[in-house]
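> Residue strings, one per chain:
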Amino acid sequence: DTGVSQDPRHKITKRGQNVTFRCDPISEHNRLYWYRQTLGQGPEFLTYFQNEAQLEKSRLLSDRFSAERPKGSFSTLEIQRTEQGDSAMYLCASSSRDTNNSPLHFGNGTRLTVT
Amino acid sequence: LAKTTQPISMDSYEGQEVNITCSHNNIATNDYITWYQQFPSQGPRFIIQGYKTKVTNEVASLFIPADRKSSTLSLPRVSLSDTAVYYCLVGLYSGAGSYQLTFGKGTKLSVIP
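If you read the sequences in order, they're chains A and B. Using the working numbering, you'd call the opening residue of the first sequence number 917 and step up by one each time. Using the working numbering, you'd call the opening residue of the second sequence number 79 and step up by one each time.
Careful: at least some of the hints might be erroneous.
[Unchecked claim] Derived lysine-lysine pairs resembling DSS-like cross-links, with alpha carbons at most 30 Å apart:
no.	chain 1	residue 1	chain 2	residue 2
1	A	Lys973	B	Lys81
2	B	Lys183	A	Lys927
3	A	Lys927	B	Lys186
No wet-lab data here; the hints were simulated from the structure. In this text the structure is predicted, and so the values were computed from the model without any measurement.
If we strip away everything but chain A, and leave its shape as in the complex, we get:
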C-alpha cells in the first residue's frame, strides 16, 4: 500500500491555458474522489467515480472541468481555459468499498496557481 499519489505536486500556469492533473489511488480501491480546497476552507467536493463510472458531479463544477477514469484505476482532472479563481489545492482520495461510509484516503494534492 503506497498510498494515494498525485502528480504534479505544484503547477503554475497562465490564465487561459489548459492543465491536467493525475491521481493514482490505492491499488484495488474502486472509488475515487476529487476535491478542491482553497486557503482557509474545507475541501469542496467535485466529483467521484466508482470503478470507471462517474457517479456524481458537483453542481458547482464548471463545464471547463472534466474528469476521467478510463480503466477504473488512475484518474485525470482537466481544467480548460484556466481562470485565476481556479487557483486552489486539488485533492484526490480513494476508498475501498461500495458504500459512502468507507474512510477516504487522501493524497497530498496538486497546488494550482493561475497567474
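Got chain A sorted already, so can you dock chain B onto it with the hints?
The following block gives chain B in isolation, referenced to the frame of chain A:
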C-alpha cells in the same frame, strides 16, 4: 445544500483533553460520521468513524447522541503535534436529491506549550 457546522478555532494547553463538536442536522439514516485531521500542505488524514453512541481508538474517541444530529471528537492529552485542522465528514443530501460527501469548514486547533 445542507452543511455541517464546527467551531472555527480552539486553543488548548498541552496535556489537556480537547472536545470538538460538529452539527449535522440533515444526516442521512445510513450514514456514518467520520473525522479527519489535516496539516498544512497535506491531504486530510482519517482519525475515527462512528454511527452512534461511542467509538474509541488509539488516538481519539467519538461521541454521537441518539438523534445523531451532532458528534463530538475527543482528543485525550493533546500535544503540540496535534496542532492541525479537524474536519467532520458526513454524506448529506442536497435539496435536489443529489448525494455528496461534504466536509465542514473545519476547526483549527492550536496546542499551546
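> Determine which of the earlier numbered hints do not hold for this structure and return their numbers in increasing order.
No numbers; nothing is violated.
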